[in-house]
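Chains A and B are the protein sequences, given in the same order. The numbering of the first sequence is our numbering, which starts it at 1201 and goes up by one. The numbering of the second sequence is our numbering, which starts it at 1201 and goes up by one.
These aren't lab readings, by the way, just hints derived from the structure by calculation. Hints may contain errors.
It does not matter which identical chain is used: a pair holds within one copy or between any two.
Think about it this way: if two alpha-carbon atoms lie no more than 30 Å apart in a straight line, the pair counts; the simulated DSS-like pairs of lysine-lysine are [as the list claims (entries may be wrong)]:
1) K1470 x K1236
2) K1359 x K1470
3) K1229 x K1423
4) K1440 x K1218
5) K1440 x K1237
6) K1445 x K1236
7) K1236 x K1394
8) K1423 x K1218
9) K1409 x K1440
2 protein chains.
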Amino acid sequence: MELIQSNRCFNGEQRIYKINSKSLTGESKFGIYLPKKALNGEACPAVFFLAGLTCTEETFAIKAHAQQLAAQLNLILITPDTSPRGENVEQGDHWDIGQGAGFYINAMQAPWSEHFQMETFVADELYSLVNQEFLIEQNRIGIFGHSMGGHGALTLALKYPEKFKSVSAFAAICAPSQCPWGEKAFSNYLGENKTEWLKHDATALVEEKGALFTDILIDQGLKDQFYSQLNPALFEQSCKRAGQKLTLREHEGYDHGYYFIQSFIEDHLKFHHAQLHA
Amino acid sequence: MELIQSNRCFNGEQRIYKINSKSLTGESKFGIYLPKKALNGEACPAVFFLAGLTCTEETFAIKAHAQQLAAQLNLILITPDTSPRGENVEQGDHWDIGQGAGFYINAMQAPWSEHFQMETFVADELYSLVNQEFLIEQNRIGIFGHSMGGHGALTLALKYPEKFKSVSAFAAICAPSQCPWGEKAFSNYLGENKTEWLKHDATALVEEKGALFTDILIDQGLKDQFYSQLNPALFEQSCKRAGQKLTLREHEGYDHGYYFIQSFIEDHLKFHHAQLHA
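In isolation and in its complexed conformation, chain A is listed as follows:
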């Protein structure tokens, strides 16, 4: 683990590390915000944030405006990159596939399967690494994300509830099996067997898993330019059928971007803080 950037921020440190990832078969970077309490060697709760298409490990740190409240709440924020990267990694034909578009799943077929193992990377390799390298409070780790990363957060939380105790999302791709972004990614990474797809589809998963969380928070802008990709209503119906409480908030006038995220980021951090201390 090599520290490649560190900036003092609200008396804590916003950092970027480079690692050699076994699961991604190559280098990867991740960001981490360490509040002052963590720098002082005291254990803190942590929340993973999974970013959306085209983003990197630093997008959230620059654009989401989370550090101020994270500093107050003593929350560690962990931000993986959105895919494997590098010259040897498939670029993809568009920004919705390949580099910057890993979809937080493990690819099952060529040319993707060699590097695109983002589920194992986030939920296993990076999860273990940060728990080993930083003082993180046991049983106080949450996960949230945006768009493709909202899909990632919901599905990883539903798959690994023993690892992630709280989950929320902004403008999540809630039913990837039923939207163009998800169909393209899943057919490339997983193949054409749609039974396989449903294992990585939050709307299908929540019905299978049942009520795992006290609450799930999703914020959605009603002027979101990608609204047709997101399907929050399908997820809401599945949660209802599964008995999973969902707080789905729809916001007049807000779009898909980080100006929307920054407007509601504090509610998400407070939500995780409350869930992790319940």
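Given the coordinates of chain A, work out where chain B should sit on it, guided by the hints.
For chain B alone, kept in the frame of chain A given last:
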């Protein structure tokens, strides 16, 4: 004035406009944050933010994390670009000169003088335009900035105290006549006559103008990688000689970037709010 981007943000709007600038002889863009009160047609105070080298009209909006408190304080935030832009505009041999490096002065010699008229652009043309197009409270306009834009804010406030009622800066180039960035910019834009330079040097200007403001706030990181370009101590001495109150705060561990700015942005907005309502 053409609206080219608008994003809902904390119940207000973060916008970018494109204009044909007379003073820059070409197109220019500026950002503006309008809190909800302004959208509702009520007059609000406004603060100009001048960004540093390489930045654009959107850097502050993305990275400074100012909108949340601006929404609470009903402050309009106005962010010009850092230079003229375009194919017909001199690019410069490095990022410290030419496009992205206008230094908020009027160039006096070729090849710069045709477009690089940033002082007139900000203090006259854009100032008039925003006062005409938006409901801004009379006598409640402040200015602040970062690095090159800190130099811009200090000098424009000292030159036009009737226009700017409050002034602050992050990591300002406080004595451009005495640092490499300033020497390069001033010799290019103004020529070799150093008497001319002093008209655009905050450390010289404050001595000439005397005490114009109740207080000036400057935040400076002590791990700033460009510390030798900034000379806050020279400005402090000049303020002392001029009887101008200066609150210069030096912060252990903070560097030159926006993670530093976001850590103290609220203090600056509160400072302007207080000064503009005194």
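Verification of the supplied hints:
no. : hint          : verdict
1   : K1470 x K1236 : both (18 Å within a copy, 24 Å between copies)
2   : K1359 x K1470 : within (23 Å within a copy, 45 Å between copies)
3   : K1229 x K1423 : between (32 Å within a copy, 24 Å between copies)
4   : K1440 x K1218 : neither (41 Å within a copy, 47 Å between copies)
5   : K1440 x K1237 : neither (39 Å within a copy, 38 Å between copies)
6   : K1445 x K1236 : neither (34 Å within a copy, 32 Å between copies)
7   : K1236 x K1394 : neither (46 Å within a copy, 46 Å between copies)
8   : K1423 x K1218 : between (37 Å within a copy, 23 Å between copies)
9   : K1409 x K1440 : within (13 Å within a copy, 69 Å between copies)
When held up to the earlier numbered hints, the structure conflicts with 4, 5, 6 and 7 and fits the remainder.
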